[in-house]
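Using the sequences plus the hints, can you model the full thing?
The letter at position 62 of the sequence shown is residue 61 when you use numbering that gives the first Met the number 0, and the numbering goes up by one with no holes.
One thing to keep in mind: the hints can contain errors.
Said to hold, decoys possible - Pairs of lysine to any residue residues, derived as SDA-like cross-links and limited to a Cα-Cα distance of at most 20 Å, are as follows:
#	residue 1	residue 2
1	49	97
2	49	68
3	49	94
4	49	61
5	49	25
Hints in this document: simulated from the structure, not taken from any laboratory.
Fair warning: this is a prediction, and the values are worked out from it, not measured in the lab.
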Amino acid sequence: MFVADRQALVAGYSPEAVGVFDRMGFSTVLCLPLWGSRTLLGVLTICWIKPHEVSITERVTLTAASGYIAQAVERALYLDERISVARQLQEAMLTDLPLADHVEISALYQPSANDNMIGGD
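Next comes the structure, spelled out in structure tokens:
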């Protein structure tokens, strides 16, 4: 989505969009979708407070950049999911300590890597 100026916004978008545009003080807005391999991950929004003519070269460059950003976001989400699953698995494997009369039992869990919180038992 490319909005060159307020006139273009009023002509093609809702009053709510015009209100946001005005409140933020934007003159030109370029929105690029961040497509993952399966779904839309988000939108990269680039705004100018002064009128700006976005050239073909800028559009091509920013479109390419949005592709790289989408890949980075998708990889970060994947890694976050893997870490979450690993932590859940590790927590499920850690058992409660038994209760015993006249004995105090304690344990220390030391993972092999602080980031993953798994392994090193």
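Evaluated hints:
no., hint, in the structure
1, 49 to 97, "violated, 68 Å"
2, 49 to 68, "violated, 25 Å"
3, 49 to 94, "violated, 61 Å"
4, 49 to 61, "holds, 19 Å"
5, 49 to 25, "holds, 7 Å"
The structure does not agree with the numbered hints 1, 2 and 3 stated previously, though it agrees with the rest.
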